[in-house]
Amino acid sequence: METIATPRGVGARVQRKEDRRHLHGRGQFVADIALPGMRDAAFLRSSLAHGRISSVNGGGLVHGRDLWTAEDLEGLVRPIVCDARHPAFQHSEYPVLATGKVRFVGEPISMAVADSRAQAEDLLARIDARIEPLPVVTDPLAALEPESPKVHEDWPDNRFIATGADLGDVDGAATEAAVSITRYYQMSRHSGIPMETRGCVAHYDQRLDELVIYMSTQTPHLIRTALAPLLNIAENRIRVVAPDVGGGFGIKCNLDPEVAVVAAVAMRVGYPVRWIEDRYEHMVGAAHARDHRYRVTAHASATGELLAVEADILVDVGAYSVWPWTAAMEAGMSSGMIPGPYRLRNYRFTATSVATNKPPLGPYRGVARPGACFAIERTIDEVAIALGMEPYQVRLANLIEPDQFPYTSVTGRIYDSGDYPESVRRAVRLIDHDRIRARQRAEHPDPDRPGGLRIGVGYATFTEQTAHSTAEWAQRGLPVVFGFEQVRASIDPSGAVTLFAGIQSHGQGLETSLAQIAHDVLGVDPDSVSVRHGDTGTSPYGIGTFASRSMVMAGGATHGACTELADKIAAIAAGLMGCRKDQVRLAGGKVEGPEGAVTLAQVAEAAYLRADLLPQGVTPVLESRCAYQPTVETGTYSYATHAAVVQVDTDTGQVALLDYLVVEDCGRIVNPLIVDGQVHGGVAQGIGSALLEEFTYDQDGQPKETTFMDYLMPGSGEVPNIRVEHMETLSPFTVLGIKGMGEGGAIAPPAAVANAVTDALRGLDVAANQTPITPARLWRAVHSRTPRDSRTEGIRESAGWPEVHR
Amino acid sequence: MKPPEFRYRRAESLPEALEVLAADPDGTKVLAGGQSLMPVLGMRLAEPEVVLDISRIADLTSAAATVDGGMCYGACTVHADVEDGRVPDVTNGLLPTVAAGIGYRAIRNRGTIGGSLAHADPSAEWPVVMAALDATVVARSATGSREITCAALADGYFTTVLEATEILTEIRVRPVPTGLTWGFCKIARKVGEFAESVAVTAIDGGTARVWLGGAAGTPLHLATVESALSEGARLSQPDVVRLVAADLVAAESSDADDEYRRHLHGVSCWRSMRDAMERTANGAAKEAL
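Chains as they are written, first to last, in this note's numbering: chain A, 1 to 806; chain B, 1 to 289.
If you are wondering where the hints come from, they were derived from the structure by calculation, not from laboratory data. Treat each hint with caution, since some may be false.
Label pairs and their calculated CB-CB ranges [claimed, not checked]:
#1 B:Val191 / A:Gly64: 31 to 39 Å
#2 B:Thr143 / A:Gly64: 48 to 56 Å
#3 A:Met713 / B:Tyr8: 29 to 37 Å
#4 A:Met195 / B:Asp155: 37 to 45 Å
#5 A:Leu23 / B:Ala100: 41 to 49 Å
All values derive from a computational prediction rather than experimental measurement. Glycine residues also receive a C-beta, built at the ideal position from the N, C-alpha and C atoms.
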């Protein structure tokens, strides 16, 4: 049997099938779902960052109908628990409605239900929640001091977890160093801001004895798995449906307390209950991301070779541990990825996750890697500056060479394939590095005097761990281990192909790209392939869409399921045509034999309705299911070099992007249009991280950014034309050589932009070590000539760095 | 973020609107383009009994020339009308330039000049630009009307001298004299945002006017800078930064104590002056041709 690649299969620029409905405004999102009798919920949220709840008075509202408090929910829903399987991890509970204490501004206290959202908000005004204020801790370094208020009183201190490791011989290598530098970095707190906020509609189907939840989620099966024990029912009594989802970016990978409350209430009342998050709620109540602080020491030879790196990583994870990621995720993953794409053998780190009175951290596109990339890539540039080298030369001096793959990193990750140095060389050429240097010489006659405009060029190279499976997640100690993905491929009696996938597609175009894989194997038009996803009622169990895993995992499962189907089709078709199985091939919706052909419909008819025509030994029905997991379980590694050209206005502190280039390698490109779109979107978000987006808090823990007036997102005016250059080194570890690529665009921009800004200010001896690089921060650094080894504003001079016992 | 219940009244004529307003001046909010009021309602920062929609009143969307060669714009003229030149301009291009930088296109399609002036956001463009142009507004109530200079309209953050019974109905812009050149500079964190600092300079022969927005509760008239400029001093950016700082201290602006904000206002003023100078030079060059 043989199949033929066509202009509609893997590698083809196939337009997304899902765009048809979205461009016509015919998508269906959670807020578009209207069920008969549906009522709307609104949450009363804490206005204090830390306090003891003394009473919640309903002001005459009927408990268990208009108003649901923690007391009303007693026995109906359990608190969320997400402890990492690690002996040092502190146990905590995340109550679905604040119980006893509130721990951040925005934490849900009560839920009101009315005929409309506006009326539910009216009811909120009648609730009198008495909260006795407690001392607040918002600075993660202050949180580690012995006299700090404790977010969770039964803990010895505010550490969720602190770990560390000493790999190779750091001290020995350091003695050989020509230069040793220590720098402080900070990536401030921000988050994914999808166009569609979170939300759900829940109702109890009495006929099926089943709770049905329509929810804007990336992980419907995981939500089912998480909710069942909370609600104390079996999973077969819950159906979770993710309809169209208007962006997730990781923020919709969590078990939200609000959804658990709505689900518990919907099981008790005779009508559907809906909660649609508004933008204020999203900013104060949804999971946040990043909030990393670093102290990095690099020891390098005179030629720029990295001999050893020491990194202290401190993450302010907020008040709670979010299911299923745990509060250890950011610091743990960052510590693993600091070595990046380099041949680093001596590495020492500490990774500390601290609780404060802020919203909890969850995954956001890039997860930990934007911070790790920022820390190591800024350090590479600082080493170059210390040695008087071009930063790209230091990269080239340290990058893993193509003949070293598969390469096991010092932290045990297995990098599969690629040509990392070539990505740097191409970026240097395509960004026109020498011309920028010439322009700088011509346009900046007095580089050491502030004032006027400066241009700079910066690079960031990274590897992106993607589609990590069993070994990686087990090592991280998550409560659940994300090993596989499933696809069921089915051909119905009419000959039409349907793929039922456990993943969920929310902008990734998986309805198209999975169909392209099916096309290559089965020879059917991708437009005719129906891809069903996001519904636990129809798809086989799956994990979901995150960690840049869906194309690798669900693509592999699609390939496996379709290959098995193709074999059966060939057997039936050979029987119908009277030839051998190995003489047929699938193409154009037909099965061609040596003499003539049969259509897929004829094969399907035989399989379902004319079993009398089936060859001996061939069972009826055309359906197969594949659970796919790559052969190496620490993931497959995409990589890229980003290059940014910036213009810094030293009079205002403003940074403008003049050019942005991505040279990336994600292995086999299934659909170039989709890959480019993913890169563009990721880079746009990365530019937000680099220059604009930030959640800050005053000393009372009050959020300062609660609307788009204060929380600035990049728009078309801030995002330049992004140039994307592809390399294509297949992964030896995955089906078709696919590597994941959904997050990569967002990983490098903070580092590339900060390096470009630092380059622009090289004559002033000022470095951009904190994101976002706001005009005020940059102007102050320029005008006070802040030394490049200074602490960032979130790492006070007086604060000691936390001790970690390895 | 849903408004509490209110009564919605759409007035078909100005007398009708003034009558509705007179009936409950304190319980009524006037809705024009809604670009500020709707979020305010959604966040429940205001909970009016009545929302009075004046956006369909024909008189308030028309523009007419005045006897002095100036323009009288209806209060509900939207920013995009100015940007696109659908209403005449007598400021030699200042108004269209300013309009094009307000918010985003969707905002400019709905947001109105009168609404912006009545909302009196000190970081918004129209209050400072209209003050610099010495424009006036007409305020009408059921019992009469009066003319107020834009320089005196705002009397604090988001507050004006308008009475609760009054509706701002028109904006009167004088023609800029031949020989006057203007300069404009808006510094914002990103395209479409409210200004961190916004400055307007008008130079007419030996006299100059310099106004600054975003530095205090109302637009500031920068007397120190203005007199230095009028005296024909050749000012460098550091000079202007220093002079603006003196004006900020005199105006008791809170930004006077913030090194960065103080500097930024100096830079925006200097850039507005440079813009004006360049326009003067360009004008002279064109004439020479």
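Practice task
Hints the structure violates: just list their numbers, smallest first.
Solution key: 1 and 5
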